[in-house]
Amino acid sequence: MRVSECMTRDVQVVRPDQPISKAAQFMLKSDAGSMPVCDGDRLVGMITDRDIAVRAVAEGRGPDTPVSETMTEECLFCFDDDEIEEVAMKMSDAQVRRFPVISRGDKRLIGIISLGDLSRSEQSEAASVALGGITDPGGRHDQSTEAR
Amino acid sequence: MRVSECMTRDVQVVNPDEPISKAAQFMLEADAGSMPVGDGDRLVGMITDRDIAVRAVARGRGPDTAVRDVMTDELLYVFEDQSIDEVAANMGDSQVRRFPVVNREKRLVGIVSLGDICRSEEEAATRALEGVSEPGGKHDQSMEQR
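Chains as they are written, first to last, in our numbering: chain H, 1 to 148; chain B, 1 to 146.
Since the hints were derived computationally from the structure, they do not count as laboratory data. There are no misleading hints in this set.
Selected chain B positions facing chain H (Cβ under 8 Å, derived; list incomplete): (1) ILE20; (2) SER21; (3) GLN25; (4) MET27; (5) LEU28; (6) ARG50; (7) ILE52; (8) VAL54; (9) VAL57; (10) GLY60.
Quick list of the computed label-pair ranges, beta carbon to beta carbon: (11) GLU105(B) x GLU83(H): 51 to 59 Å; (12) ARG9(B) x ARG104(H): 45 to 53 Å; (13) GLN12(B) x ALA94(H): 24 to 32 Å; (14) SER103(H) x GLY92(B): 32 to 40 Å.
Short derived list, chain B residues pointing at chain H, Cβ under 8 Å: (15) ASP49; (16) ARG61; (17) GLY62.
C-beta atoms are modelled at their ideal positions from N, C-alpha and C, and glycine is treated no differently.
Between the sequences and the hints, there should be enough to build the whole structure, so can you do that?
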């Protein structure tokens, strides 16, 4: 199965010049821990709830701090025509729960794919690959040896 | 195996009156996503990186906001003499990765994480494997360890 078949297309994004309070509000409403940062429809980074806490608040910076100063620029992403098993492996390796999805043709952000999307897809095998190392240490998808 | 055998005893605590910037600094240094909030050695809550983002920053509140205003005071904790299997099941149910550990007098004595539990289970598995690779070894203790 391809990413485009189970991704979420209605993706909430934040601009790099918006304040982190705006990003935090989105994360609260959508019950998400991370969101893509876009300049127009070009992906320029990802920002997480943890980035806000440890890169802004820990430094004594307020809610008006721009997203661009706390986001992670080198973010992981996947293409809409990637196989979901591949993406599940990437998520597991990176310990990341959401990947922005880029169209291979024109490199625009067209969606987001989460562990939840993977587990709702028919091939929930892919989700257990991603979660395997964490939740089921003795299970057959345990990747703790490879992770070392 | 008991919680007290695999927990971390050196536990960083933040006071409810301290600013959230202080809690965020601890979380950054300790590479942790949550920490216990303690008043003396009495556990009064937990605070996470997400609490700081969605309960303070999302509402336009600054780094000087008091920890007590954003912490979760509904307490999930485990006892030091509980078995780790029981705790592992609890963690799965509640989607929490770190639990404060208290003694039977309800004093905070440590913290136990999913990582601590996985490591101790891996050690047990390694001991079991050593037994397998040396089938006749008289020192194989894999059965006793379980």
